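Student: Single-letter residue listing:
2 protein chains.
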Amino acid sequence: MCVREHKDDGPGIQHPASLAKFTRKDWKSMARFFGTPPGVHVGQQFVDRLELRGAGVHLPLQAGISGTKAEGADSIVVSGGYGDDRDFGDYILYTGVGGKKAGSPQQISDQTVDAPGNAGLLTSMIQGLPVRVTRGAYKSSPFAPPAGYRYAGLFLVTEFNPRVGADGFHIVQFRLDRVPEQEPYEAGASTEADPAFASTVVARRIRDSAVARAVKSTYDFACQACGTTIEGFGGRRYAEGAHVKPLGRPHLGADVLNNLLCLCPNHHTQLDNGGLFIRPDMTLEDRLGAEVGGLTFKKNHVLLPDNARYHWDFWKSAS
Amino acid sequence: MCVREHKDDGPGIQHPASLAKFTRKDWKSMARFFGTPPGVHVGQQFVDRLELRGAGVHLPLQAGISGTKAEGADSIVVSGGYGDDRDFGDYILYTGVGGKKAGSPQQISDQTVDAPGNAGLLTSMIQGLPVRVTRGAYKSSPFAPPAGYRYAGLFLVTEFNPRVGADGFHIVQFRLDRVPEQEPYEAGASTEADPAFASTVVARRIRDSAVARAVKSTYDFACQACGTTIEGFGGRRYAEGAHVKPLGRPHLGADVLNNLLCLCPNHHTQLDNGGLFIRPDMTLEDRLGAEVGGLTFKKNHVLLPDNARYHWDFWKSAS
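As given, the protein sequences belong to chains F and X, one line each in that order. To get my numbering, take the position in the first sequence, counting from 1, and add 274. To get my numbering, take the position in the second sequence, counting from 1, and add 274.
Because the hints were derived from the structure by calculation, they are not lab data. Hints are not guaranteed to be accurate.
Identical chains share a label here; the pair holds if one copy fits it or two copies do between them.
Pairs of lysine-lysine residues, derived as BS3-like cross-links and limited to a Cα-Cα distance of at most 30 Å, are as follows [claimed, not checked]:
| no. | residue 1 | residue 2 |
| --- | --- | --- |
| 1 | Lys573 | Lys343 |
| 2 | Lys572 | Lys343 |
| 3 | Lys375 | Lys590 |
In this text the structure is predicted, and so the values were computed from the model without any measurement.
So here's chain F without its partners, still in its complex pose (with noise of 0.2 Å):
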């Protein structure tokens, strides 16, 4: 099934001229498919869930989302199956698998996020790994099409907010966001090796502003966790400025000193996709609880505590 074509590829590289005309037996043997597929364009549409698996676009035919925790997700079906779903052209609140009545759409129990598809889309979250996206007809939203599946083109899931739905069940809802540029619409186009299309995929944004250089000033580049400082022409100096309570929906944390730290890329990373816990008393633990050294401060700056344990309740109530 997998012919190799390029001599430089390697293990583990999907080519998608395979996925033409998929079958079941075929994909469930196979590697997980990132991206567009070669024949599929943006806009396309699908008379069934069979014709999407057929172009390699979604293959399972009942479940909405394709993927596992240590793949990641691949694709989702939009298609207002939960109450809580909201579509809003650009980016799509989304809410994950399970807790749901067969056939309604209203929430009878829990979601977790250790279901594989929910757990799917989160480690596509951590890793950046784009996700196909196709909106089946239903009419509460206006970018669905009126009959069959649409493919919407490649987002990256940018958020992940396990809260209580409207039924007042927990749901794992997470944001995804469309990827601005996308490939041509060109049937056919080989995108393996085209760095113009490998551009596409933003996997980590890092925001920078005033007060985010101010704290790096204050700490000379030097990482409050570490003391790396990563340096780079000429002695040039790299550090971020980490938001300990996430800037931007659902959580709204503000972008001032006091919700800051320099951190060095690694222990922001960490830091943001639930790695590394802030104690009260400023030292640092793993996701497992084990101690693993402390924040330094400088003279006129802190952590406001209630941001620390904002960033600390949110993960440990994900799990």
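With chain F's structure known, arrange chain X on it following the hints.
Tutor: Just chain X now, kept in the frame of chain F:
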């Protein structure tokens, strides 16, 4: 001059309000201000350089670049002063300072990366600092105003390209890309503690492709330089696919396995910023030439020595 209004601003924060009606004496004594000053909006016209300074947009009256190596560059004026400049609206190829005959666009000697303006733009690139761009009236750009100066908003320095220009001398060219979302056009709006504004500045974009995902999977997300794996929620791992010969112009590196490494964010940042070099024997050295370990490789994966050499030559020739 610098009135503190908010309790948690701490040291080093510049208050935009204090920039109104700016004089030379004032700005010589203050920390550099990054971002759009309040009261200034994208598209705003200015009669002359004195008015640009008064509004806090561009403080020097002569120099096209406002900046230093230590602080970064906060502002440039684009006025077609160099024959190698190109203006594409949303992005600009901007030639650095130096080597020019006074009053003429012609180069008569080499530019260096150490000239303060050029060094400042390079610092802004490495640290992701937003640069104010103002266009002066000149006929070769369709985006330039018919007369006077027009503020074009915030840009990020995304490329640095030391090369031989049209006149046969070394030039230091930068690419600046417009920050897509900018603050609303409200005069005097406070931007200091507004997460929406903070989110407009994107400092680092990680390109991720099928090949990048394959190299990360090959190493199970462990950094080839230090063995670190970044763990997030539920043990999810994070690493970055680092292109050694960069994608995009002017490098045109390929998105293939033999041009990719699996690195932790810290080592990736260092490699991309000219702070880490790969020797032909795959050991690593820092910017001062000291050996700092070596890359580990799995079976079936090699880095093409030509790609390592390209990276080496690019940064070494820049100094």
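Student: Determine for every hint whether it applies to the structure shown.
Tutor: Evaluated hints:
no.: 1; hint: Lys573 <-> Lys343; verdict: between (42 Å within a copy, 26 Å between copies)
no.: 2; hint: Lys572 <-> Lys343; verdict: between (40 Å within a copy, 24 Å between copies)
no.: 3; hint: Lys375 <-> Lys590; verdict: within (27 Å within a copy, 64 Å between copies)
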